Amino acid sequence: MSESANLLRLVDGAPRVVAENWRIIESAALWDGSGGAILPLELVVAQTERVRASGRAGIWLSPTDDPACTVEFFPWIALIGVQFPKFTDGRGYSSAVLLRTRYGWRGELRALGDILPDQLFALRRVGFDSFALRADQDPVTALAAFFPFSEAYQGSVNPPFPLFRRASTCT
Amino acid sequence: MYRYTPTDQRIVNERVAQFRDQVVRWKAGALSDDELRPLRLQNGLYVQRHAPMLRVSIPYGLLGSYQLRALADIARTWDRGYGHFSTRQNIQFNWMTIEQVPEVLAALARVQMHAIQTSGNCVRNITSDPLAGVAPDESVDPRPYCELLRQWSALHPEFAFLPRKFKIAVSASDIEDRAATAMHDLGFYLRRDAAGQVVADVVAGGGMGRTPMVASIVRRALPWRHLLTYTEALLRVYNRYGRRDNLFKSRIKILVRSLGASEFARQVDEEFAFLQDGPGTATEAELARIAEGFAAPRYSALERYPAALQEQLAANFGFARWYTRSVRGHRVEGYAAVTLSLKRRGFAPGDVDAATMDALADLADQYSFGELRVTHEQNIVLADVPRHALFDLWTAARVLGLATANIGLLTDIVCCPGGDFCALANAKSIPIAQAIQERFDDLDYLHDLGEISLNISGCINSCGHHHVGNIGILGVDKQGAEFYQITLGGEVGADPARTSIGTVIGPAFAAQQVSGVIATILDIYVGLRYPDERFIDTLHRVGIAPFKSAVYAMQHPIDEIEHV
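Order-wise, the sequence lines are chains A and B.
The first sequence begins at 231 in the numbering used here and counts up one residue at a time.
The second sequence begins at 22 in the numbering used here and counts up one residue at a time.
Some, not all, of what chain A presents toward chain B, calculated at C-beta under 7 Å:
1. T318
2. G320
3. Y323
4. A352
5. R355
6. V356
7. P378
8. E381
9. Y383
10. P392
11. F394
Think about it this way: if two alpha-carbon atoms lie no more than 16 Å apart in a straight line, the pair counts; the simulated EDC-like pairs of lysine to aspartate or glutamate are:
12. B:K569 with B:D544
13. B:K186 with A:D319
14. A:K316 with B:D55
15. A:K316 with B:E56
16. A:K316 with B:D266
17. A:K316 with B:D54
18. A:K316 with A:D366
19. B:K186 with B:D266
20. B:K48 with B:E120
21. A:K316 with A:D344
Hint data in this document are derived by calculation from the structure and do not stem from the laboratory.
Bear in mind that the values here come from a model prediction, so they are computed numbers and not experimental data.
Glycine included, every Cβ here is placed at the ideal spot set by N, Cα and C.
Full structure from sequences and hints, please.
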C-alpha cells in the first residue's frame, strides 16, 4: 500500500475529497519510526512504546486481524484502517461493524486497499468514515456513486436501527 | 401476497438505476470485466454458454398472475419466448444481452420483482414450501417470516461479499420438508412450542456440490423475533472465518464440519449474545404488517366432496389418475392445492413458453385467486382451487399439456439446464431427461412404480439436486466426453435425520446407456418390493448391492468401453 491521493472523508455525513498526510506503512521493516503513520497491527503490538512515542499514529488491520486486539490502543491512536486486499473479500465489513458496535471505536475508520465506488455505500453503512480509493479511481465518479439508495432495510452502524424501527417509513 | 410499500418500491427502483449506471461505466471502460462481475452477479446476470443468463427471484416461490404475465412479456420481448423455472424458486432467461438487462430489471420492478442477489457470494433468494399457508400439516405460515428475512437480507451491507453463496430455506411442516431445508446453508424449521409461540429449529451447513452434506442442528426453539439477529450472528461468524483460499471449501458446510457443529453453534451463540434483544430484533408490529399481505383469500363455504366431483372421478379414469398425483389436501374445506406438471415430453423440465405462462396466469385468475407458486421440483402449484372446479381445471390444463399425471413419479424429473446452456456444466442434462421421459411414458407403468424422485445435474455444482434424488444422475467429463454417474438412495426427509445423500453405484455410463440403466434399476425394484413398498423403502431395506450387480451385469461401464 502506498499513500493515497484519492481520499474521501465524511464531513457532517457528506463525502468530500480531502487532502491527506497519513503515510501507510506496509510492514515493520518499512517504518522509520516517524509519526503520522498508519502501521500494521502486528508492529503496534510488538513495539507499542516506540509507536506511542512517535507521535500521531494509526493502526491498520488485515482481514485476519482480530479487531478486538486494537482496543488497548484506543486511548492514544488517531485512526484505524481496515484493509481490503480485494474488493470481493468481505471480512473487513464485519471488522468495521465490530469496531463500531462492539468495541466502541469513535475515531476515524478508514477503508484501505481495493476500494471502488460501488462499495462505498455499504462501507459507509458499516461505519467507515474515510475511504482511500484505489489509486486509479476517479473521486468524482465515486462521489456520484456514493448514495445509490435512499433507504436501507437493515440496521447496521449507519443507520443503527432497521427500517421497521424507524418512524413513518412504511406509509 | 405481500405488496411493496413505497419504500420497498423505491429501493428496487434505485437498484435498477444503480445497475444501469454500472453497465454504462462498464461500456465506457471505467469498470473492468472483473469489477463488473460481482456487481452483475448480484443482479442475477451470468455470462453463459450462448449469452448472458438472467436469474430472476421469485421470493419463496410466490407469484401473482400479473407477475407471471410480465415474465411472459419479458420472455417475448427480450428473450426467445420462454423461461426456465429453477430448483430454487427462480426463473431464468437464457438469451439476453448485458445492455438489455437494465431494461428488463426495470420491467420487473414495475411488477414488484427483482433479480437482487440471485447470484454472487451473498444471501440468495429465500425459499420455502410451495404449499405455505394452505398445507394442512403446517402449524405456522412460513411466508411472513420469509419476507422478513428477504427484506433483512436485501442489500445487507455487511454480507455482500461472503466467502461463497449462502442459501436459506424455511419449512413449517411437521411431516414433510417441501423446501429441502436440510440441504441449505441455513434452514429454519418453524413450529409452535408448548405455549403456542412460533419458534425455529435452526440447521446450518447443508449443501450440495462436490461435498454434499446434510445440515446440522445448531439451535433449537429459537423464538421467531430472533430470526434476523441470529442469522446476523451466524453470517458474521461465517463471513469472518469461512475459508476464502479455496473455492471448493468456502461454503459454510466446510466451516461447520471443520469446527464441528457444536463448536460452530457455540461461536454463533457467543456472537448472538451481543445481538440478542438488540435493535435488530424483529417486532410484533412488523411481523403483523408483513403478515397482512398473506391474509387468507376470501374462501367460500364449499363442500369437501361435491357430488359432481365424485361422479367425474368415477367416470373419467384419466382425471382420476391425475387427481391422485396432482391434487393435495387444503386446510380449508372444499379447496385443494393442485400441482401442474412442467415435466412433459418435448420440453426441458421446468421450461415454460410465454403463451403457456399467460395461460397459467389465466388459470390462476380463474381458479386460484390470481396466485401461483413455483416449486423446487420445478412445477407450478395453484394453491386455492375449489374442489368443485377440479375437473374444469384439469380439462383446461390438459389442453395446455400441463396435466401429465406424473407428479412425484419417475418422470417428474428435476433437472438443471446442463451443458446445453450452462457454462459450468460438464455434460448435457436435458437430453438425458428427455430420453428417460420418452422411454418411460407409459402412465400405467409409472403409477405402478409409485413415488420415485429422479434428479439430474450436469455437473457437481448439483443444481439438479442429484445428491438427494432417490435416483441421481450426475454428468461428468471424462477426457472431453460426457458420461453419467448414477447415485441411489438420496432422499429429502422431514428433518436432517431423515434426509440422506445418495451413494454412487460405480463407474459412469455413456449418455445412450443411461435410460437402460434406469430400466434395470426399476426392474430390480419391481422384483424385490413388497406390495405398496416405495422405491426408497425397498432400497433402504435391501441396500444398493442388488441394483449395482444387475446394472453392471447388463451394461459395460465406460472404463471398459474405453478399452474396447
